[in-house]
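Protein sequences, first through last, are from chains B and P. Counting along the first sequence from 1, when you hit position 558 you're at 558 in our numbering, and nothing is skipped either side. Offset between the second sequence (1-based) and our numbering: plus 1000.
To be clear, the hints were calculated from the coordinates, so they are not data collected in a lab.
Using C-beta positions, here's what the derived DEER-type ranges look like:
{"#": "1", "chain 1": "P", "residue 1": "E1112", "chain 2": "B", "residue 2": "M317", "range": "48 to 56 Å"}
{"#": "2", "chain 1": "P", "residue 1": "P1126", "chain 2": "B", "residue 2": "D313", "range": "18 to 26 Å"}
{"#": "3", "chain 1": "P", "residue 1": "I1125", "chain 2": "B", "residue 2": "D313", "range": "22 to 30 Å"}
{"#": "4", "chain 1": "P", "residue 1": "M1133", "chain 2": "B", "residue 2": "P501", "range": "20 to 28 Å"}
{"#": "5", "chain 1": "B", "residue 1": "D313", "chain 2": "P", "residue 2": "E1112", "range": "43 to 51 Å"}
{"#": "6", "chain 1": "P", "residue 1": "S1067", "chain 2": "B", "residue 2": "Q625", "range": "15 to 23 Å"}
No residue lacks a Cβ here, since even glycine has one placed at the ideal position from N, Cα and C.
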Amino acid sequence: MIAVAARNDQLELNNGNVINISTYGGVDKGLCYAKGTNRPVTVFRIVVNDGDFDNTNFTLLFGGLTDYNTEDYYEQETILNKIAKLDDGRSVHWLWGSMQNGGCYVRKVSAGRYRIGGVSGMAHRLSTDEYAYVIREANRDYISHITEGATTGYIDVCFMYDGFRVDQGDEFPLLEVFSLNNMVDVHIGGRDSTYYAYALYNQITYMYGSNINCDDLYDPTRYITWEGTLGDKPSMVLFPQWGDTITYPYNLHYPVLGFVHDDDIMITKGNMWGDAIVDEEEEDPSGDGGYSTSGGGGFGDYPSETGNIDFSDPTQMAINVINSGFVTLYNPSLSEVKSFNDWLFNDITDAISGTLKKLIADPIDYVLFLSLCHFTPPNSGAVTYTISYAGINTTVTSKKITNQFAAIDCGTIHLNGDTQTFLDYNPNTKISIYLPYIGINDLNSDDVVGASIHVMYYVDLLTGACIAQIKCTRGVRIMAGDANLNDVLYSFSGNCYEQIPITGTDWRGLASSIMQGVSGAVSLATGNLAGAGAIASAVMSDKSSVSHSGNMGGSFGYMDNQKPYLILERPINNLPYNYRGFKGYTLNQRRRLGSLKGYTEIEEGTLWTDSFNGISKEEAEMLKQITATGFYL
Amino acid sequence: MKAILYQNNSDERYVDKSLVVLHDNVDVIFKDDSDIVHPTIRLNHTLTGNVNYVWLEDLGRYYFVRSKELLAGMLELSLEVDVLSTYKNELRAQNAIVSRNEFDYNFYMSDEKWKLYSYTAKRTIPFPSGFNMGTQQFILGIAGGDSSGS
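Use the sequences and the hints to build the structure in full.
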């Protein structure tokens, strides 16, 4: 389930609570309130039964601070004294922790004050099997059994906290949800003195391969979301974006807006990803031709719904060759085939033979075909039937085929991008699929990366003809103009029977068709090949295109692998250490320059200096050139 | 005219420079043919330290020192305006289309500056099920009609 909300929207939940997303001091924040009140409440609970916390269900809580200081920073004591209330009245203190130093522990400093620290080492920063939060109930503080200095194993359930961005060894903000027990596998980054959310996210996902959507992390209109499963329920978390945390030593970070767990919780649907970035002072952004909040030409106007083309499923046809009466299909066992062979060639009496010859010139022609296959067709089960041959009952019984068409479900795989970058898509990553009895065919990586891929075979049991349909399902990706997918995008055909020749004529025909079908040509792309160290698109587009399979139908396919598989080929990027510090990464977004830091390049012609006090024309040109070629904010 | 002479320890491309004041409140005069972008100043002052950066109070601008000459007992500094530091407040208040940034970026935008190895990474992902080599079933097709079941 994907839930979206527009900036300044109010998300109304089915439990009556609402989430207000509003702007405060130029940075979005969100608090969840009990409907009709100003009392912040826990929006949702993820109940994790880990048995470690007083043998009760552990509840990971999401919520907001009770109020916000109007200053740009909080004193530590102020933060620590911010209390969120649970629905049942219990208080929750948000704990702080250190990602930079790896691992987490909580130590009580004094009454109502806690400090979390950790040990060094990036590799260990997620290696804690402890979780930490504090619930204050009456006069007793429930603190997890994290002890000072303990950093081992994997995080069972991670915690949320809020804090400052400070130097190594001190507290700073982190929002993270992680659980092994309930298959929650999501990480979002925190901020420390050296990493931003996305950079940290990349490292985390590299280690753990989580399924996160992060986009434009420094855009305060964006939200980090996660979709996945908690137990067997679809779940989603909304996290607000970080605000402007460059300039000030103490920065305000915002907690999770909410969590959706199971379809019981509904969130009003908006068009968050399509909302334009509008500066507060800009009344009518559509005039500048760049962004618009509504109407044509802006984001959010592209159709995003798909036609939902499902599998064709011919097994549902009411009329087929089975009930026509002209053909009977049997599913005999090996011994029954042998018995039928004996009857056919040894047991036909003169009387039967005479009858058969009156009906047809060559009695063997009543046998349309005999084939082998690597699947169990739909049959009559325990009920067997006497094989009827030209109206004459043989001495052989067999199961009957009950449907002309069979369905073979090859299952579904979800394909995450390996790099979580543009390299995962065309023309960089090449994806092909091996399909039994069909061979290897190319898939468009733009279709399948980030999607669930479901393969279904349908077989015509009369001929062995098979089709493999490939259905791709994914939601709208975090990019303007994208649409969701839930459609059969590919359909390939083959034949999945191993034909057994009954007569010499049969064999000659079969052998001939097999020989004609053999191929194995290799073709190479022509043109200039990119050299080592070339840019991304040049390398992949110049790669040789090599045929991976020939004719895979019939006997060939009968001998080959029987399950489909994907073949992924992706480029390996070579980014030197701190590349982004020298060159940055692509952004292509409109920003207020004061919201940025570090290496920056401005698109030529988009920096207007007319309002710069006293600037000369020559200085303006110098400034435009420097900002276009790269400078450091 | 008053000037502050600094040692700049930052790369010229930084908006905010790491400056060390070497000489404060220094009297300087312009050379006759100076302009505000590339002025030449003269001062009768003994410099200590590596003076490579100047603030000219009257012009309200920061400058890089491009060359130093000693002429007739006067030190002559050729300067070039540092537009980044001089106009940093206006710059930060400005909106622009940012093509690249160190911390704010979108990895799903193609980046032509990335370099790749010539070889690629290849792997397979099997589907969970399909046909089964261990299953061998006969299908027998017979022309004509039904038969009795049992």
